[in-house]
Amino acid sequence: MSDQGSFYQRDRSWHPAAFTPQYKTSVLRSPQYPLLSLDNTISEMTGPRFGHNKIGPLDNDLIRNFAKTGDPIGQRIIVYGRVLDENARPVPGALVEFWQANAGGRYRHKKETYLAAIDPNFGGCGRAITDEEGRYWFRTIKPGAYPWPNGVNDWRPAHIHFSIFGHAFAQRLITQMYFEGDPMIWQCPIVSTIPDKAGIEQLIAALDRNTTLPMDSLAYKFDIVLRGRRSTMFENRMEGN
Amino acid sequence: MVQKLTTLRESPSQTAGPYIHIGATPNWVEITGVWEEDLGLMIVGPDTKGERVIIKGRVFDGSGTPLKDALIEIWQADTDGLYNSPEERRGKADPNFVGWGRQPTDGVTGEYRFETIKPGLVPYKDGRPMAPHITFWIVARGINIGLHTRMYFSDEEAANAQCPVLARIEHKHRVQTLIATRSEENGLPTYTFDIHLQGEKETVFFDI
Ligand SMILES: [Fe+3]
Numbered sequence: 001m002s003d004q005g006s007f008y009q010r011d012r013s014w015h016p017a018a019f020t021p022q023y024k025t026s027v028l029r030s031p032q033y034p035l036l037s038l039d040n041t042i043s044e045m046t047g048p049r050f051g052h053n054k055i056g057p058l059d060n061d062l063i064r065n066f067a068k069t070g071d072p073i074g075q076r077i078i079v080y081g082r083v084l085d086e087n088a089r090p091v092p093g094a095l096v097e098f099w100q101a102n103a104g105g106r107y108r109h110k111k112e113t114y115l116a117a118i119d120p121n122f123g124g125c126g127r128a129i130t131d132e133e134g135r136y137w138f139r140t141i142k143p144g145a146y147p148w149p150n151g152v153n154d155w156r157p158a159h160i161h162f163s164i165f166g167h168a169f170a171q172r173l174i175t176q177m178y179f180e181g182d183p184m185i186w187q188c189p190i191v192s193t194i195p196d197k198a199g200i201e202q203l204i205a206a207l208d209r210n211t212t213l214p215m216d217s218l219a220y221k222f223d224i225v226l227r228g229r230r231s232t233m234f235e236n237r238m239e240g241n
Numbered sequence: 001m002v003q004k005l006t007t008l009r010e011s012p013s014q015t016a017g018p019y020i021h022i023g024a025t026p027n028w029v030e031i032t033g034v035w036e037e038d039l040g041l042m043i044v045g046p047d048t049k050g051e052r053v054i055i056k057g058r059v060f061d062g063s064g065t066p067l068k069d070a071l072i073e074i075w076q077a078d079t080d081g082l083y084n085s086p087e088e089r090r091g092k093a094d095p096n097f098v099g100w101g102r103q104p105t106d107g108v109t110g111e112y113r114f115e116t117i118k119p120g121l122v123p124y125k126d127g128r129p130m131a132p133h134i135t136f137w138i139v140a141r142g143i144n145i146g147l148h149t150r151m152y153f154s155d156e157e158a159a160n161a162q163c164p165v166l167a168r169i170e171h172k173h174r175v176q177t178l179i180a181t182r183s184e185e186n187g188l189p190t191y192t193f194d195i196h197l198q199g200e201k202e203t204v205f206f207d208i
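Residue numbers (this note's numbering), protein chains in the order written: chain U, 1 to 241; chain A, 1 to 208.
Incorrect hints may have been included.
Straight line, CA to CA, 30 Å or less: simulated DSS-like cross-link-like pairs of lysine-lysine [unchecked claim]: (1) U:LYS24 / A:LYS68; (2) A:LYS118 / A:LYS172; (3) U:LYS221 / A:LYS4; (4) U:LYS111 / U:LYS68; (5) A:LYS68 / U:LYS111; (6) A:LYS68 / A:LYS56; (7) U:LYS54 / A:LYS49; (8) U:LYS24 / A:LYS56; (9) A:LYS201 / A:LYS125; (10) U:LYS68 / U:LYS110; (11) U:LYS54 / A:LYS118; (12) U:LYS142 / A:LYS68; (13) U:LYS142 / U:LYS221; (14) A:LYS68 / A:LYS201; (15) A:LYS68 / U:LYS54; (16) U:LYS68 / U:LYS221; (17) A:LYS56 / U:LYS110; (18) A:LYS49 / A:LYS125; (19) U:LYS110 / A:LYS68; (20) U:LYS54 / A:LYS92.
Derived by calculation from the structure, the hints in this document are not laboratory data.
Hey, can you work out the whole structure from these sequences and the hints?
Take a look at the structure:
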């Protein structure tokens, strides 16, 4: 923690480029100048920390946290995993936020125009804070695929959006989780913004039969990796020297 | 072959999409009753030390159209230049100042708005002071990886001229893209910081 150095440089060739014309919205929203490279300063090596007391008991239960008249429709699943850094060390106390469409692929949002039905018992948001070993988990229903206006017939594979706060603002990350075995992953213009097949596979959660709750829920394992920090073991300099 | 380096790779980023507000600010998109209050709305309280200021602006795409579906997060030091973070080792920050805020851009006007305080000086790696600044992080549909930038203050000319980070900007006319313009609104100093994703006025974004 406080005896650690700056973060490893982000491998920009592993992440999507800003300009990815197959994903049309990126065309006018992508910076064209090169980014200004900056070794982290204190402003990026620090970050907000969210206490467990901020989190309510149903925050990680999307089956119950919005339900009005009963459980939402859909396949019950558990999503669990760890938040690690690039040094394979757990990141405890990370805030993990997630949001998703319902089983029919419909988001609860007034700008959403897809004709699939809204589920009166499904809100679609949740959050968790990782424990000492970096673990998080939540219960939800499996989201459906949905069409979106890009090409005339583009569909998103089933996915859950994730936002993660690690220990520093430099680690801030938003990504998406996909489901093992879904053929639509390989047809998606947003997935394909990730240049490397192994990078895409890093976002595909594994079906885990050992964590499945019999006669209740399937389970998917999704580990998330945030940037790692340099060790300062060879550095005797005080901050500011 | 040599020995393997055992580091993992960072999870690749994906766009926040058009519905990030469902996860980040659900109450703002009328998903109520899940949790009481969206995180990051209130940065200052009655006991926060420092000069109250308003920060506002819009995010423009390459056609000059403001984004109505973006989410902005800010992170800043307190009035003494200390961060309210366990990673802060120089001292204890004002316990009444979180330093982190999160706001959507308005669905009609595209404007974002933060009520906060003006931050103090934070040292650069070599100890020189950086001019007062606020770290920004912008995500939206069409942005594949969150954009880091910084806002500086137009009434800190001397400090800005000395700031080692601003000095790193090779094309000097682009420094202006990071400087928010001061005006006054209901008696409060108000800084307008417009962010341009593309075009002639493209904001300087950082790879930090
Ligand atoms: Fe989505």
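Consistency of the hints with the structure:
A distance of roughly 17 Å separates the Cα atoms of U:LYS24 and A:LYS68; the hinted pair therefore holds under the 30 Å criterion. A C-alpha spacing of about 25 Å is found between A:LYS118 and A:LYS172, which places the hinted pair at or below 30 Å, so the restraint holds. The straight-line distance between the Cα atoms of U:LYS221 and A:LYS4 is roughly 26 Å, inside the 30 Å bound, and the hint therefore holds. In summary, the hint linking U:LYS111 to U:LYS68 is supported, as the alpha carbons are separated by about 22 Å, within the 30 Å threshold.
For the proposed pair A:LYS68 and U:LYS111, the alpha carbon gap of about 11 Å is at most 30 Å, so the pair holds. Pair hint A:LYS68 plus A:LYS56 holds up; C-alpha atoms about 14 Å apart against a cutoff of 30 Å. Restraint check for U:LYS54 and A:LYS49: the C-alpha separation of about 24 Å stays at or below 30 Å, so the hint holds. As the CA atoms of U:LYS24 and A:LYS56 are separated by approximately 28 Å, the hinted pair is consistent with the 30 Å bound.
For the hint pairing A:LYS201 with A:LYS125, the CA-to-CA distance comes to about 29 Å; that is within 30 Å, so the pair holds. Only pairs whose Cα atoms come within 30 Å are accepted, and U:LYS68 paired with U:LYS110 is accepted, the gap being roughly 19 Å. Proposed proximity of U:LYS54 and A:LYS118 is supported: the alpha carbons are some 26 Å apart, at most 30 Å. Between U:LYS142 and A:LYS68 the alpha-carbon distance is near 29 Å, which keeps this suggested pair within the 30 Å criterion.
In summary, the hint linking U:LYS142 to U:LYS221 is supported, as the alpha carbons are separated by about 13 Å, within the 30 Å threshold. Of the pairs offered as hints, the one joining A:LYS68 and A:LYS201 holds, with about 19 Å between alpha carbons and a cut-off of 30 Å not exceeded. Restraint check: the Cα-Cα separation between A:LYS68 and U:LYS54 comes to about 28 Å, which is no more than 30 Å; the hinted pair holds. Restraint check for U:LYS68 and U:LYS221: satisfied, since their Cα atoms lie roughly 29 Å apart, inside the 30 Å limit.
Proposed proximity of A:LYS56 and U:LYS110 is supported: the alpha carbons are some 25 Å apart, at most 30 Å. In summary, the hint linking A:LYS49 to A:LYS125 is supported, as the alpha carbons are separated by about 26 Å, within the 30 Å threshold. Straight-line distance between C-alpha atoms of U:LYS110 and A:LYS68 comes to about 13 Å, which keeps the hinted pair within the 30 Å bound. Taken as a hint, the U:LYS54 and A:LYS92 pair is honoured in the structure, with Cα atoms around 21 Å apart against an allowance of 30 Å.
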